[in-house]
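Enquirer: Got two chains here, each in a separate frame; can you build the complex from them with the hints?
Here are the chains, one letter per residue:
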Amino acid sequence: MALALEQNDKIREIVDGKRVITKKPELLAPAGSLEKLKVAVHYGADAVFIGGREFGLRSNADNFSIEEMREGVEFANKYGAKIYVTTNIFAHNENMDGLEQYLQDIESAGVTGIIVADPLIIETCRTAAPKLEIHLSTQQSLSNWKAVQYWKEEGLHRVVLAREVGGEEMKLMKEKVDIEIEAFVHGAMCIAYSGRCVLSNHMTARDSNRGGCCQSCRWDYDLYELEDGEEKALFDDNHAPFAMSPKDLKLIEAIPHMIELGIDSLKVEGRMKSIHYVATVISVYRKVIDAYCADPENFKIKREWLEELDKCANRDTAEAFFHDAPGHEEQMFGVHGRKTTYEFAGLILEHDPETKIVTMQQRNYFKPGDEVEFFGPEIDNFRFTMGEIWDEDGNSLDAARHPLQIVKFKCDTPLKPHNMMRKENN
Amino acid sequence: MFEEVTIMKKPELLVTPQSVDHVKALLQAGADAFVIGEQQFGLRLAGEFSVSEVEEATKLIHAAGKKVYVAVNALFHNEKLDALAEYLKEMQRIGVDRLIYGDPAVLIIRREQGVTIPLHWNPETTATNWFTANYWGKRGATRAVLSRELSLDEVLEIKENTEVEIEVQVHGMTCMFQSKRPLLGHYFLYQDKVMEIENRKENRNMFLHDDERNNKYPIYEDANGTHIFSPNDMCIIDELGELFEGNIDALKIEGVLQTPEYVITVTEAYRKAIDTYFDESADAYEDIKDDLLAKIEDIQPAIRPLDTGFIFKETVY
Chain S
1 MALALEQNDK IREIVDGKRV ITKKPELLAP AGSLEKLKVA VHYGADAVFI
51 GGREFGLRSN ADNFSIEEMR EGVEFANKYG AKIYVTTNIF AHNENMDGLE
101 QYLQDIESAG VTGIIVADPL IIETCRTAAP KLEIHLSTQQ SLSNWKAVQY
151 WKEEGLHRVV LAREVGGEEM KLMKEKVDIE IEAFVHGAMC IAYSGRCVLS
201 NHMTARDSNR GGCCQSCRWD YDLYELEDGE EKALFDDNHA PFAMSPKDLK
251 LIEAIPHMIE LGIDSLKVEG RMKSIHYVAT VISVYRKVID AYCADPENFK
301 IKREWLEELD KCANRDTAEA FFHDAPGHEE QMFGVHGRKT TYEFAGLILE
351 HDPETKIVTM QQRNYFKPGD EVEFFGPEID NFRFTMGEIW DEDGNSLDAA
401 RHPLQIVKFK CDTPLKPHNM MRKENN
Chain D
1 MFEEVTIMKK PELLVTPQSV DHVKALLQAG ADAFVIGEQQ FGLRLAGEFS
51 VSEVEEATKL IHAAGKKVYV AVNALFHNEK LDALAEYLKE MQRIGVDRLI
101 YGDPAVLIIR REQGVTIPLH WNPETTATNW FTANYWGKRG ATRAVLSREL
151 SLDEVLEIKE NTEVEIEVQV HGMTCMFQSK RPLLGHYFLY QDKVMEIENR
201 KENRNMFLHD DERNNKYPIY EDANGTHIFS PNDMCIIDEL GELFEGNIDA
251 LKIEGVLQTP EYVITVTEAY RKAIDTYFDE SADAYEDIKD DLLAKIEDIQ
301 PAIRPLDTGF IFKETVY
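Top to bottom, those sequences are chains S and D.
In terms of the working numbering, the first sequence opens at residue 1 and continues consecutively.
In terms of the working numbering, the second sequence opens at residue 1 and continues consecutively.
Pulled out of the complex, with its shape left as it was, chain D reads as follows (with noise of 0.2 Å):
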């Protein structure tokens, strides 16, 4: 007789490079796959790649023999379709290996114009059942990036029950908030401090600071509006172990805000925890696992304490 034996795929490391020459640093530090694409159309994006970059990322990332994804999951009004529609005509053209969408529009602009890259579905905080992940997997995803406010045990079960490819979050920040409106712009302008608009226009180094919970909340804007993240970075590093065994299909570091080095070194670390676990065994990554976790906390930046986001949280309503 034969005992069954499951077999253990490595999860896909998932990244968010902020230039070219990053993702070829992040290339050497074990990266899987790559997101990348610029703000009209994709949201809160570590950098900026205009579409002849996506093409030069492209021919290194496949070179590498690595993946690359380009978000188009921003929510759009009628004035941005036409755009988007060249938009994904381009990517079809350079070749890119999916395109990440929220909002349905990219299904029907993408049937119209007889693009074939496949989709992963982005929603950001509504992707929280495995019932509807395998919905929009009926209509084109192949892979459902579950919103970040769930349990371990809410991913685990979505991975059990779902026919797509699932991606969660393993560290970095999370967005809590998007508004249309220019929220920091309206507040200077209530300051009367018209100056300060255009002098803060590009900064992304501001934060809302919370008295009452001694928290500080990232805060930016850009063509999709004002976004507010989390107070802290998520990191379970030391915590992988179930989403292994869950088979969970990729990791995802979110790099924005954060300096390209400290997201080479959280790429590394990752990469060592997934090679030690499959290459070794689990107990090799238990070994190796609080060492890991010290190297992040090690270039941890002071104003950004770590938590494990909400994987051991529970939520009520």
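So here's chain S without its partners, still in its complex pose (with noise of 0.2 Å):
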């Protein structure tokens, strides 16, 4: 316990009579492909969490090869960014066969760790590949000191927090036990208890703990009452019917507590959302981050920064647990999210300083005249209205309307590579 007090001690420090924080959390970002992770990492994380192709559980999500995660491991390591590997599914006998040589093969990808539920995955990765950090998946909700206590016994290296943890009960866990606490602080989330939920299995046949997850739970349902046999509604035409849809998270405006707190990892959630949306979350939150750890006293959310993450942003956001247990209006009933206020319209490949031109992929139709927005991690985002449009030929064109096609134009203010431009929705 003194150990974790003493390490609790080292968040701040001051500096030339102003106080700083030392101990920046690490910014965790998701990835469900190679060019996904490359886009979080420069855009910002620190670390990125991919899945494989197996042990996992988005099943939908394109998921990473071991030659991928070698190419990924080697991206951001030029960065300094770490890569870890969900294998975060409840495996039933049938899933033990080739796990051992699973886990060797990431680790020689030099991935840095796995973030694991079953502790068949964790023993199996302690013996046949050791060098891995064991990160506990949020799948075992862990919610109390005690059993954060078990698993630094077992040795583990970090382990993720279940959602339903408050910020004081986060406090206690770090002032009681000296491990590394991973937190979520961004995107879509369980509304059960994580790997309590079985709603998928009986519903579909699919396992929810093996990556089958159909979320159920977002579905309409009516809720009845039986009084002596008779079945009565506790619904009315003027009401949404009972759903089970939580809000998403967002809990940028809490930065500032978490790191506060010791909390060594800040997580967004989201190996299945876009570029785009890794692009702009992860930028935001890199923002906060470092403006908060370099001027704790004067800091200050900017209004920029929450209009950012709304731009691409499908769903109603909140707080969730962080501050106090969610109410009501934290749940969406008769809502099944919108469309984002913006979509992503091209990923610039060059700008010439000299001609002026952009080269840029599309990604989404944009036409001459067109409002749009470009946003990077080197810039300051600045509004544009698009003039002439040419091909890779130079010919002119009246739209461009190819997904990936290469287009060019011209643009005074300076861009740089991965540089996004974005367009707002009609």
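No lab work stands behind these hints, which were simulated from the structure alone.
Every residue gets a Cβ at the ideal spot worked out from N, C-alpha and C, and that includes glycine.
Among these hints, one or two may not hold up.
[Claimed, not checked] What follows is a list of derived Cβ distance ranges for each label pair:
| # | chain 1 | residue 1 | chain 2 | residue 2 | range |
| --- | --- | --- | --- | --- | --- |
| 1 | D | V316 | S | S108 | 26 to 34 Å |
| 2 | S | G394 | D | V316 | 20 to 28 Å |
| 3 | D | P260 | S | E230 | 21 to 29 Å |
| 4 | D | N203 | S | E71 | 29 to 37 Å |
| 5 | S | G337 | D | R111 | 40 to 48 Å |
[Claimed, not checked] With the C-beta cut set under 7 Å, the calculated list includes, among others, these residues of chain D facing chain S:
| # | residue |
| --- | --- |
| 6 | N129 |
| 7 | Q191 |
| 8 | T315 |
Expert: As structure tokens, this is what we get:
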């Protein structure tokens, strides 16, 4: 315990009479593909979690081959970033085959650690791939400090907390146990305790704890009560049906609090999300963390950060359990998401400082005269009215219609490769 | 030369009583072991037993030579840990036979408090392979309570490869979902029916209707959040042969959300199945199993169709 407190003392320091944060938390990003991994790292993630072809929970995501993991690690290492691989299924007997080899392959790809729920995989990793760090997945729904102590005694490097754990609870965990703590800060959430939901198994014969979750919690249901054998409706025509859909998590305004608690890793959810989403969310949280750590006393959340996050949100957001138990207004009834206010229109490949010609890979339809916005880690966001557009051979286009088509246009403001162009949805 | 004889042992018949009186009736009906406890520590219990009722029930059960297990299998938050430590000490004093846990905090607290009651590992949905059952066995569990989402083959393979006892559910509802959030209360608030929250706080007569599947899922709230249950009651009274042959150690009749009388009748039927198989023969069990099933069908509520759970179902992912 003394050690834990001592570690907590190292969160802050006085430098030249000014308080600064010396323990900057890791910003952990999701990536469902190699391209998204590179975007996440480029836009400021300190670490990225990815899924492999097996033993992970998003069977619908693209997921990484071992070769792609290796390439991802090499890319990340250039930026000093780490890669973690999710291997967080609860395995059935049949899933044991090939596990050792798989973990050894991950280890040899240079991955830093795995995110695990099942002790089968924890123990196998220890013997088969001992260089890998072991992080306990949120699938274990870790909710109290004694359980954290248990996993510390088992030699784990890090625990990811249950999404039901609040800030005060995290504080006690940090005080009592010297282990890295990772907590979610942004993204979609299970409304059930993770690992404790098998709705998909019952409703669709798909195993939720092996990646088959079909999000039955977000469907509509009619609530009834049974009285003397009579079924009485507990809903009416003026209201939407019963649903279990939570608003997405957004803890941007709690980041300073989490940094002061000494939380080691701040996790953004969403391996299924687009590169536009990953770039936008990661760049905003990067700015928040850096600004707070550099000057905590004068830190303020900027309106532009909040607006920026909204540009890629397709659901309402809330703080869930961080401050208090979430109320009914943190659930969604009769609403199943909405279109994002902006869409990703193109990825900058090159900007010629002489001719001011931008070479861009098209990601969504746009045409001359459209109002667009550029953003990226090296530039301040700016708006722009699209002028003439050419194809690679210099032919003028009435619109950029084709996904991944290489197009050119002129823009006087400098742009960097990997900057993005977005366009307001109509 | 002697032929090798496998000694088969009767599996324990485990039930979930709703009250001390229900315990008495279930002892009569032939139950071997009882899961009891209270809501703040145990998940989805059929009845609420205060510490003094646990003590009373334990005396009764022990006098009959049977076993009592106390459920402390909730997912605990920091605020519950001190109370949990006190509770474990009380259970030690009372002398219950086993503690049922899912959260590893129980392992730490048990050790710190010098509690010596043996453990059953029951994390509900996540006890899915034999390696992990043995893992918890090495850390003090004497039994693994398997996830209900396993097939018969998976159950038998786990039993063949474990050093701990194996318990499976054979009858009743299964929980599909637990949220920390009070989802019913939230729905009433959303509908501006704040009075309904108080009116229905203790009610366990609500269900969700799934129009597409025409299923009805029981739902209720308690100290542990919101719980949603399977649309059917599992019943494999006519499919027990392979579990018997596989030496499964304990068969559980889950009585949550059932009437006490229903649980008594079901317990009698499974008692009869076990005794007939082991005291008479496998053939004798084959002869009566359809009658036993018919007996249960007779009392089965119309709103609760019977099925065989995941025993014969294939799940993909």
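Enquirer: Now look at each hint and say whether the structure bears it out.
Expert: Against the structure, the hints come out as follows:
no., hint, verdict
1, D/V316 <-> S/S108: 26 to 34 Å, "holds (30 Å)"
2, S/G394 <-> D/V316: 20 to 28 Å, "violated (52 Å)"
3, D/P260 <-> S/E230: 21 to 29 Å, "holds (23 Å)"
4, D/N203 <-> S/E71: 29 to 37 Å, "violated (57 Å)"
5, S/G337 <-> D/R111: 40 to 48 Å, "holds (47 Å)"
6, N129, "holds (5 Å)"
7, Q191, "holds (5 Å)"
8, T315, "holds (5 Å)"
Checked against the numbered hints above, the structure breaks hints 2, 4 and satisfies the rest.
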